[in-house]
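Novice: Each step along the sequence shown adds one to the number in my numbering, with nothing skipped, and position 218 is 225.
It cannot be assumed that every hint is accurate.
Lysine to aspartate or glutamate pairs mimicking EDC-like chemistry, simulated, CA-CA at most 16 Å apart [to be verified]: (1) LYS208 x GLU141; (2) LYS160 x ASP184; (3) LYS221 x GLU157.
Don't read these hints as lab results, they were simulated from the structure.
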Amino acid sequence: MSKKTSKKLSKKEYEKELYKLQVELCRLQEWIVEKGLRVIVLFEGRDAAGKGGTIKRILERTSPRVFRVNALPSPDERQKSQLYMQRYIERFPAAGEMILFDRSWYNRANVEPVMGFCTKDQYKRFLKNVPAFENYLIQDGIILIKYWFEVSKEEQTRRFENRIKDPRKHWKLSPMDLESHRRWYDYSRTKDRMFETTDSKWAPWNVVNGDDKKRARLNCISHLLT
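Generate the whole structure from the sequences, applying the supplied hints.
Specialist: Here is the structure:
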C-alpha cells in the first residue's frame, strides 16, 4: 500500500496534505453516523513503526463520540480465564461508531507466541479460527479494516535510540520493546505466518511502509478514506 520514495516531504507539504485528509475524515464520520455504520480498524505492526502517530492524526480533528481508540493493557487473571476474544468484543462499535484498536486480538499471532505468553496449541488454534471469526463480523454488517505497519530494523534501531536519548520520549519505550527488537527475526517469522493464514479475501491485510513517518500517516489515512 505504501511505496518507498527518496523524496522527503517538507513540513508545509505534509501539513497541507494532512489538512485535506482530516477534512475528509470529518466528512467520513458524518457518513458513518448518518448510515449507522459499525467500523473496526486494527493497527498492528512493529514497535516504533508509526501506529500511534497515525492514530493520533486520525483522532485529533474527529469527534470522540464517533471515533474512539482502544489500547488494551495485558489481561488480568479474570480476563485470562475468559474467552480470548471477549475483552475485544466488549469494545466493539455500536451503530454510528468507528473503533480503532491500537493492537488487537492479533497479539496472539505475534507478541504472545514470541514472548511465550500463550501455548503452542492456543497459537495454532487462533490462526485456524480467526478468519472464520472475522468473516462472521463482516456477515453481521461490521466493516473491518486491518493495517500492518512495517519498519526496517535499522530505522527501528534509530527510533529506539532517539527515545532513549530524549527524556520526553522515555514513556514510549518499554523493556518489551527492546526485547522485541532483539527477537526481530522471531517476529518476522510469526508475521509471515500470520499473513499466510489470516490474509483473507473478506479481511485482507494492508501493509504500510513506516520508514517515513509522514508519508506513512498520509498513505494510511488516504487508504482509510477510500
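Novice: Next, verify each hint and record whether it holds.
Specialist: Hints and how they fare:
1. LYS208 x GLU141: holds, 11 Å
2. LYS160 x ASP184: holds, 13 Å
3. LYS221 x GLU157: holds, 14 Å
Checked against the numbered hints given earlier, this structure breaks none of them.
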